[in-house]
Structures are given as structure tokens and as C-alpha cells.
Amino acid sequence: MTSLVTARGVSKRFGKVLAVDNVSFEIEKGRIMGLIGPNGAGKTTLLKALLGLTDCDGELSVLGLDPFRQRKELMQNICFIADVAVLPRWIRVSQLLDFMAATHPNFSMSRAQELLSHTKVRHDAKIRQLSKGMVTQLHLSIITAIDARLLVLDEPTLGLDIIFRKEFYGNLLNDYFDGERTILITTHQVEEIENLLTDIMFIDEGRIILNTTMDSLAERYSELMASGDNAARARGFGPIFERDIFGKKAMLFEGVDREQLADLGELHTPSVADLFVAKIKGAAA
Amino acid sequence: MIGNQLALVKRELWEHRSIFVTPAAVMLVVSLIVLTLYIAASGFGEAVEIAIITASNVGETERRVALIAFLLGISIVFVIASGILTIFYSLDALYAERKDRSILFWRSLPVTDAETVLSKLLTAALTIPLVTFAAIVIAHLINLVVSSIFVAIEGGSPGHLIWGSIPLFDIWGAVLIVLIATPLWLSPFIGWFLFVSAWTRRSPLLVAFLPIIIVPMLEYFILRTTMLSQAIETRTNAMPLFKGIDPSTIFDEHKLAVAAESVSLLALLDVGKFLSSPSMWLGLVVCGLFTTAAIYVRRYRDES
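Protein chains in written order, with my numbering: chain A, 1400 to 1684; chain B, 10 to 313.
Treat the hints as calculated values from the structure; they're not laboratory data.
Backbone N, C-alpha and C fix where the C-beta goes; we use that ideal spot for every residue, glycine too.
One should not assume that every hint holds.
To be verified - One side only, chain A facing chain B, incomplete, derived with CB under 10 Å: (1) Lys1447; (2) Leu1450; (3) Gly1451; (4) Arg1470; (5) Leu1473; (6) Leu1486; (7) Pro1487; (8) Arg1488; (9) Thr1611; (10) Phe1645; (11) Lys1647.
Working from the sequences, and respecting the hints, build out all of it.
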């Protein structure tokens, strides 16, 4: 079994609102999956269900465990960084490391210290004395020092400047990811993580509207820049989304042979952000 | 797991520094007051005897009573302070982590909600009393040393007048038992405070105390009975630890004289009666129910 996460018919209801609506998917070992969706799409609820922080209907298995009922076992092999899960402001860095070492069987103190030695985070500092960027560095160092099989990142770089964001993803790939570990990540800043993802999943109104590998995304989707008659002819192939750019039409096609479109204008693979907009707006239309 | 509990209780001590700061502050204030009184008294010279302690002409028993009263008086201040500390600690224990949004971080670690809540209960019911006890012992020693110095200045012999007269280990034994027994007896309140702390969205202090005041009032107005207020009253002042005497008369001179002659505060305590009191065990059950409810709220409530 290479599938780390298996969801079959997973739903979560808050009163009358169906936050996650009958969702099924799998995440395989060694992948970096991006979970993309507008605000209120059910991303965070789905992540919480995966992390055992909330109960849900349907069949959900993470590392072969029921996340809600076997949360303690799960948390030995899974880590997460979320914008809403902040480090306590009163604790000292050294205390935090001691606490991790005492409670987490898979935490390596020496690895954490080595990772932190590359940052400006001092061991005797309290969290409240660190900048937001440094707190995130600290958090990532701690998480990286845990020998965990699945890392879940929920908007990990929210509120950080571009330098820290680049560094964060750089460290994530260099220090954490080794092809054995698996990452599930959500963010609004899709452009920044686009080229590190291996898989992508779009979620909207609680439903998965796209679930594909990045490789097949390039095969399946194409964006054409065309004008005048060519645009009108291209429209015959049934674009899933169309918008105006500098007087030209940008059309997004799904499952249309590139050779058929090649003569009509400039052809390239759409960015994840453009595809996302097309899928969300297309679904709404 | 024991290892997790140790780490969790240690974390409570890091977070709630007031557990150490409060007894330390009380120690400082009490010692300063005693010192001030000595200095003020010695300012009057030979005209004033410094309390009974320096008076070598009073009897052995009276001097013992005075010394016991002196140390018990100091202890009482600590006990009251630690009571207030316990209330504020229990109300903050599961509220602060939600307010500063660190709860999801704590929950991202392989520690169950039950282990976490239990460590907070343990801190309130055992760690705070033990820290308080250590502070009381230190405060006793400081103030006995200060007293010895003044006795010596007055020309008395502290070895005989103070150290020879005071049954230190008996006092400390009794104080320790009272410190451990009181949270057990009042455990329904600790459980209730922890539950409120896990459950309320705002002002835990208000949410914890309003029902204690309002519900008995409603009972009186609607049912014309006072069962709840009586239950609360009994719980707060009739701990079945003291042998046949009302704790409020513990400073009664006559009673103390009796105690002093028996040379033992410990002899006033009846641990067997306390441990076999159904009321005490019932209280623990109530505390268990509230604690379970607190674990449930922490586990099932979605905070975002």
C-alpha cells in the first residue's frame, strides 16, 4: 500500500452548511500535494479532519489510522504548521525543544539544534521576542526535526515577507523533503509553490473539482492566446474559460489536442492560478 | 504515561510563573512585616517585651502555644494566597491556550486531551500545594531565625526559648496534610473551574462564580429550599479532617492550650476520618465528572 491518505465519501456538516461534501481522494507516498480553494471552500475543515482535530462522516484513513479516534498514534507520524496553530508566546525556545523531546518519540534534538544554528533564533529567547519570520523558521525547524511521514501545511507563510517565504519553501525542499516523506499544502499564494508541487487538488464549495498530477495537467490543459477570426475558430473547440488580455482572447481548453490549436495562436500550459480561476468560474457559470 | 505527565506539569510551571511568584511574594511580605514589628518593638527598649516569645518568665506551655500560633499565623497567609492562586490558575489553565491560539499547536503533538487536562488538574491539586508547602517551610525558618536574632539581642537564649520549644516537624506535618487534603475536599470546585476554563468563550471568572451565587438564589425563590446553598456552605467550611473541633476555633486559646499540652498539631487531625468520609469521595466523583467534561470539550469543540 503506497497510499498514505485515503478518503472515501468524506463529509462534514456544520448545522445546515455542508463544509465538505462527499469527497474522495488518495495521496500517495512521496508526493507534494497542493490543496487549492477559495476562502470558505472547506480546505481547513478537510485538513482538520485529516489531522483528527474534527470528526467527520465517511471513510477516512491517514497512515492506516482513523485520525479522530487514533489521534495520539497519528500525531507521532504526522506534523502540521497552520496559521491558526501558533506557538505559545510565553515559552522559551529551549523550553519548547525540551518539551518536544519529552513528548515526541520521533523528535531529534540534535537535528533541531543543527537546523536552528543556521537561523538567528536564540535558545534563550521567548517566542514573543521573535519576529513572525523567525517564529516560522523555528516552527519549520522543529517540524523538520521530527521524523514524520506526512507534513501538513495550512497557509504556512501567511503574513511573511517574500524573502522569508522563498527561504521557507527552499528549506522545506532541502531539509524536509527526501522523496520518502509526503507533504500536503494549502496556500493562497499558488504561484510561489506551483513548481514544487507534484500533485494538485482544487476544492470549491466542499467538493473536489480537480485532482491531477502536475505532469498530466500539462497534457490535459492548454491556454491559447488568439485574436480575431482565430479566436472565433478556437471557440469552436469549447474553451472552459475565456478572458481578455491586451485585446487578445486567452482561452483555456481541457482535453483538446494541442496540434489542433497550434495554428490559431500562442499556445502554452496554463498557470495553476489561471486554471484555478477558470475551474472556479467555469463551475459557477 | 508518566513521562508525558512530568513534561506537561513542567510546562504548566513555565507558563504559570505565578505558582512560584505568589508564594515568594507572600514570603517576602510576611517576613518584612515580622521584621518591622520586631524593629518597632525593640525601639521601645526594655519597656516592651517582644510578644511572648522573648519572655523567659512565661511557662513552657504558653511559650509553645505562642510559637505554634506564630508559625500557624504565617502558614494561614500562604494557605489563603494559594487558595486564590488555585482559583485563578484553574480558570486560566484551559482558557489561555485558546485565547492565545496555541491550542492547535499543543494538539499537533502526540499528547492526548485527557493527558493535558489531567496535568492541569494535577498542577492545581498537587503541585501548587507542594510549592506552597516548601515556601511555608522556608518562611518559618526565616522568621524563626529573625526571632532568634532579636531574642539574642534582648539577652535571651534562642536555643532554649525558641528552637527547644517548638515542635517544628509536628507543625510541618500538620500543615502538609492540610495542604494536601484541602484541594481534595474542595475538588468539585477545581473540577468546575477547569470545566469553565475549557468551555467558556469569555470571562471565566464571572462564568464560574455567577452560577454559584445565582443558582442557589433561584432555588430559594422558586422551590423555597436552601439545599444548594447549604451544600456549598458545608463544602467550604466543614472539612472532616479536624478532630471534633470546628476549624474556625482553632485559634481559640483554650483549645490551643489543650493542643499545646498534647504537644501536637498532628493530634488534632484525623486523616482516617477524612479518608473514610463519603462526602470527600463524592466530591472527588463530582470533580471527575467535571474533568471528563473538560476533556470532552477540548477534544470535540471546533475552535475556528
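To see whether the hints hold, each was checked on the structure:
For Lys1447 (chain A), the suggested interface contact is upheld, since its CB lies about 7 Å from the closest CB of chain B, less than 10 Å. Annotation: Leu1450 (chain A) was flagged as interfacial toward chain B, and the flag holds, the nearest CB pair being 7 Å apart, inside 10 Å. This hint holds: Gly1451 (chain A) has a C-beta 9 Å from the nearest C-beta of chain B, less than the 10 Å allowed. A distance limit of 10 Å between C-beta atoms decides the matter here; for Arg1470 (chain A) the minimum to chain B is near 7 Å, and the interface restraint holds.
Of the supplied interface hints, the one on Leu1473 (chain A) holds, with its beta-carbon coming within about 8 Å of a beta-carbon of chain B, less than 10 Å. Taken as an interface hint, Leu1486 (chain A) checks out: its beta carbon lies about 6 Å from the nearest beta carbon of chain B, inside 10 Å. Nearest Cβ of chain B to the Cβ of Pro1487 (chain A): about 4 Å, under the 10 Å cut. The hint holds. At about 6 Å, the closest approach between the beta carbon of Arg1488 (chain A) and any beta carbon in chain B falls short of 10 Å, and the interface hint on this residue holds.
With its C-beta approaching chain B no nearer than about 29 Å, Thr1611 (chain A) sits outside the 10 Å limit, and its interface hint is violated. Hint status for Phe1645 (chain A) relative to chain B: violated, with the closest Cβ pair at about 41 Å, above 10 Å. The criterion of a C-beta within 10 Å of any C-beta in chain B is not met by Lys1647 (chain A), whose closest approach is roughly 43 Å, and the hint is violated.
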